[in-house]
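Chains as they are written, first to last, in my numbering: chain A, 1 to 468; chain B, 469 to 800.
Hints may be right or wrong, so weigh each one.
[Unchecked claim] Looking from chain A toward chain B, a few residues come up when the C-beta cut is under 10 Å (computed):
hint	residue
1	N91
2	F106
3	W317
4	L318
5	W321
6	T397
7	P398
8	T408
9	Y416
10	G423
[To be verified] Partial list, derived from the structure: chain A residues whose beta carbon lies under 10 Å from chain B:
hint	residue
11	W82
12	S83
13	G94
14	Q392
Worth flagging that the hints you see were computed from the coordinates, not collected in a lab. For each residue, glycine too, the CB sits at the ideal point set by N, CA and C.
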Amino acid sequence: MELDPVLLSRIQFGFVVSFHAIFPVFTIGLASYVALLHGLFYKTGNPAWERLAAFWIKVFAVVFGMGVVSGIVMAFQFGTNWSNFSQATSNFLGPMLSYEVITAFFLEAGFLGVLLFGRGKVPEGVHLFAAIMVAVGTFISAFWILATNSWMQTPAGVELLDGRFHVTSWVEAMFTASFPYRFAHMALASFLTGGFVVAGVSAWYLLIGRDVEANRKALSMCMWLLLVLAPVQAFVGDAHGLNTLEHQPTKVAAMEANWETSSNVPLLLFAWPDKDAQENRFEIGIPSLASLILTHDVDGVVPGLKEVPPEEQPPVWLVFWSFRAMVAMGVLMIFVAFAGLWLRRGGRLYQNRCFLQLLRLMSITPFIAVLGGWFVTETGRSPWLVYGMMTQAEAVTPSLSGWMVLATLIGYIAVYAVVFLTGSYYLTRVVREGMLAEAPHDEVERPTRPLSAAHTSLEADAGRTFRS
Amino acid sequence: MELINLTMIWALIIGFGVIMYVIMDGFDLGVGILFPFAPDEEARDVMMNSVAPVWDGNETWLILGGAGLLAAFPLVYTIILPALYLGVFLMLAGLIFRGIAFEFRFKARRNRHWWNRAFYLGSMLATFCQGVVVGAYIQGFQVENNVYVGGPFDWLSPFTVFAGLTMIAGYALLGATWTILKSEGSVQQWAYSITPKLLIAVLIGFGVISLWTPFVDEYVRERWFGHLTVFWVLPALALLCAWQIWRSVANRSEGQPFVATLGMFIFTYLGLIASKWPYLVPPDITLQDAASAPESQLFLMLGVLFVIPVVLGYTAWSYWVFRGKVRGDGYH
Chain A
1 MELDPVLLSR
11 IQFGFVVSFH
21 AIFPVFTIGL
31 ASYVALLHGL
41 FYKTGNPAWE
51 RLAAFWIKVF
61 AVVFGMGVVS
71 GIVMAFQFGT
81 NWSNFSQATS
91 NFLGPMLSYE
101 VITAFFLEAG
111 FLGVLLFGRG
121 KVPEGVHLFA
131 AIMVAVGTFI
141 SAFWILATNS
151 WMQTPAGVEL
161 LDGRFHVTSW
171 VEAMFTASFP
181 YRFAHMALAS
191 FLTGGFVVAG
201 VSAWYLLIGR
211 DVEANRKALS
221 MCMWLLLVLA
231 PVQAFVGDAH
241 GLNTLEHQPT
251 KVAAMEANWE
261 TSSNVPLLLF
271 AWPDKDAQEN
281 RFEIGIPSLA
291 SLILTHDVDG
301 VVPGLKEVPP
311 EEQPPVWLVF
321 WSFRAMVAMG
331 VLMIFVAFAG
341 LWLRRGGRLY
351 QNRCFLQLLR
361 LMSITPFIAV
371 LGGWFVTETG
381 RSPWLVYGMM
391 TQAEAVTPSL
401 SGWMVLATLI
411 GYIAVYAVVF
421 LTGSYYLTRV
431 VREGMLAEAP
441 HDEVERPTRP
451 LSAAHTSLEA
461 DAGRTFRS
Chain B
469 MELINLTMIW
479 ALIIGFGVIM
489 YVIMDGFDLG
499 VGILFPFAPD
509 EEARDVMMNS
519 VAPVWDGNET
529 WLILGGAGLL
539 AAFPLVYTII
549 LPALYLGVFL
559 MLAGLIFRGI
569 AFEFRFKARR
579 NRHWWNRAFY
589 LGSMLATFCQ
599 GVVVGAYIQG
609 FQVENNVYVG
619 GPFDWLSPFT
629 VFAGLTMIAG
639 YALLGATWTI
649 LKSEGSVQQW
659 AYSITPKLLI
669 AVLIGFGVIS
679 LWTPFVDEYV
689 RERWFGHLTV
699 FWVLPALALL
709 CAWQIWRSVA
719 NRSEGQPFVA
729 TLGMFIFTYL
739 GLIASKWPYL
749 VPPDITLQDA
759 ASAPESQLFL
769 MLGVLFVIPV
779 VLGYTAWSYW
789 VFRGKVRGDG
799 YH
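Please model the complete structure; the sequences and the hints are all you need to start from.
So, in C-alpha cells, the structure goes:
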C-alpha cells in the first residue's frame, strides 16, 4: 500500500490537535474558577473557599502541564508537515501566533509559577492577581487561536499574490464572519467543561462525605452556572450553525447528511452516509425538521452535498456522527442542569445519590462534545485548509515521504498515550487524596486510607489550622 | 525606500529571542541532564524545585522563536523544519517527557525513579537535538526553489552528532552553575566539584567545532581565515568568560560562575552569527530573501516593541519572587 503523506499528515495533525484541545477547554474554564475561588476567599475570608482553591489549583497544574507540553508540538507541526501552507499563510498566521505567545503564553507561564509556588512568598492580594492573570491569559490565547482558525474557515482581509496571502486589512482578517460565533461557542464550551468537571468531582466528594461544607458550595455554584450556560450554548450553537450555512454550506450539508438541495429536508436521527454511492442508507428522520431548524421555515431550502463534486465533499460519515455526538451531549447537559434546579427544593440536590452519581458520569460529556464539535468544524471544511482558497493537498510539505509521517504519527501516539495514561492516573490520585482538609472527622463514610503523602502536607496543615 | 530597515530589526528581535531561549531553557535543561549524577534524592528535589516555577516561562521562548520565525522569516521556518523533520519530533518528545515529569514526579511515590528518568532522558534528548540543529545549520541545507530537497537524515552526520554532544555539555555547565547559585550545603559542594570538569568538556567541544567548521563550510573558512577581522574578539571574550568561571569556582563565589557561563554562551552565539551573516538558511538564502511581507513585519513589531518589555518585566519579577536559596521540601 502506498503511504499517502497528505492523509497521514491530516491524521497526525488531527490526532495532535484533538489530544491538545481537550486540555485548554478544561483549563480555560478551570482558571476562571480558581480565580473566582481566590477572589471569594479574599473577600469573605471563609476558609472553605481557600480549601477549594488549593485543591483545584492542583488539578489545574496537572492538566495545564499536559496542555503545555502537547501545545509546543502544535507550533512546530505547521512547519514540519504543512510547510507550503505555512509559507503561503505566514504573513497572517505568523503575527497571529506570535501575538498569542507574547500576550498570552508568557502571561500564563509567568503568573502560573507565582500561583503554584508563590503562596507565602507574595501577599494574598498579589496571589489573587496572579490567579486572575492566568485566567485572563487563557482567554487571550483563545482569542488569537480562534481568530486564526476562523480566518481559515471564512477567510477575509487578504489577497493571494504569487501563491502567498497578503493581508489587506488586519481588522477584516482577524474579525471574520465566523469569529464571533466560534469564540462565543468555545468560551461557553470551556465554562461548561470546567463546570461539569467541578460538579462531577464535588458530587463524588458529597457521595463519600468529604468536606461537605465546601463541596456543597462548589456544587451549588456549578449548577447555577450550568443552568444558565447550557441553554445559552444551544442558542449560540444554533446561531453558529446558521452562520456556517451562510459561509460553508457544504459543511452543513455534511452535518445533516443531506445530498440533494431541496426544501422540507428531514432531520435525520440515524443514517449511514455512503459517499461512494452519494446517498444514505438506513435513514430515519423527522420530516421537514432540518429545514425548520436551519432556515426557520418548514419549506426552507437546504443546500445538499451534490452541489460540489465528490472530491470536494468532506468525509460525510465523520461529520454527520460527530455533530450528532455533540448535540446529544448538549441536550443531556441541559436536561441535567434543569434536573439540578428541580432537586434544589428541600436540599435534595446534595442528597439524591442517583443524581450525584449521574453528575460524576457527566464529567466526561463536555469532552465528547468538544471533540465532536471540533471534528465537525475541522473535517467539515475538507478538502479545504483555507476555505475556498487552499486545499490540504496543496498545503503539505513537499519533501515528506509517507513513512516519515507514519513513523512520527506512531511516535506521537505512543508519547501521548504515556502522557495521557499517567496524567489520568495522577489526576485520579489528586482527586482521591484531595479535599482532605476537613477530614478526617466524624463523617460516617471516611476515606479508607489515612493521608500519608508528603507532597500534600501543605493542604493537610492548612486544614488542621482551620479546624483548630 | 524604507526609512527603517524592518528586516534588520526583525533579525535582532529573533536573534534576541533565540539567545533568551538558549540561556533560560538552557539552565533548566542542564539541571535535567545533571539529574542522575546528583548525590542523592534530596539534591534532586532541590534542583527540580529551583527551576519548577520558571521552566514553563523559559520554554515559552522556544515557541516565540517558532512563531516569530514564521512571522518574520517564513522561509527559514518552512525549509529548516521539514529538513529536520525527524529530529524535531525527537526534540519535542524529549520536551514532553521532561515537561510532565515536573508535575508527575512530585505526585509519584514508588514510581518516582521513572519520572527521574523521564526528566533526565527527556532533557538530554531535547538538548542533543538542539545541538544537532545548530550543527545542521552550520552544515547548510539542500534547497531548490525555496523548498527543502535533501534527504530525511541529512541532519544526522558526525559533525552534527558532535555538536549535539557539545550542547549537552554546555547546558550541563549552565545547569551546574545555576545549581551553585540556588543551592547550599552538600548540593552546592557537588555542583562546585563538577563545574570545572564540565567546563573542560565544553571548551574541548567548542574547540573541536571551531576547528571542524571551516572544513565543513567554505564560507566560514573564508570569513574567519580569509583576512583577520574584528570578529576574533568574540572567541577571545568567550575564553575570558571561561577563565572567569574557573577562577570564580575556585574562589567559591556563588553568583559569578553562572553569570560568566551566560557570558560564554552569548559570545559563542555572536561568533556563530558572525560566521554565517547575512545568510539565514545556509548556504545561500539571506535575511532579505527569507523575510515576510513588510506589512506583516510591521504589524507584529508594534506589538513586540510594546509587549516584550512588559513580558521581561513580569518575568524578572517572577524570578525576584523566587530569589534566594531553594530547599528540597515543600511543593505546592
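Each hint tested on the structure:
1. N91: holds, 4 Å
2. F106: For F106 (chain A), the interface hint holds, since the closest Cβ of chain B sits about 5 Å away, which is under 10 Å.
3. W317: Because about 30 Å separates W317 (chain A) from the closest Cβ in chain B, which is outside the 10 Å limit, the hint is violated.
4. L318: Result: violated, 26 Å to nearest chain B Cβ.
5. W321: With Cβ-Cβ at 31 Å, over 10 Å, it is violated.
6. T397: holds, 5 Å
7. P398: holds, 5 Å
8. T408: At 5 Å from the nearest chain B Cβ, T408 (chain A) passes the 10 Å test, so the hint holds.
9. Y416: holds, 8 Å
10. G423: At 7 Å from the nearest chain B Cβ, G423 (chain A) passes the 10 Å test, so the hint holds.
11. W82: With a minimum Cβ separation of about 9 Å from chain B (threshold 10 Å), the hint on W82 (chain A) holds.
12. S83: holds, 4 Å
13. G94: Check passed: Cβ of G94 (chain A) comes within 3 Å of chain B, closer than 10 Å.
14. Q392: Q392 (chain A) check fails; min Cβ-Cβ to chain B is 16 Å, beyond 10 Å.
When held up to the earlier numbered hints, the structure conflicts with 3, 4, 5 and 14 and fits the remainder.
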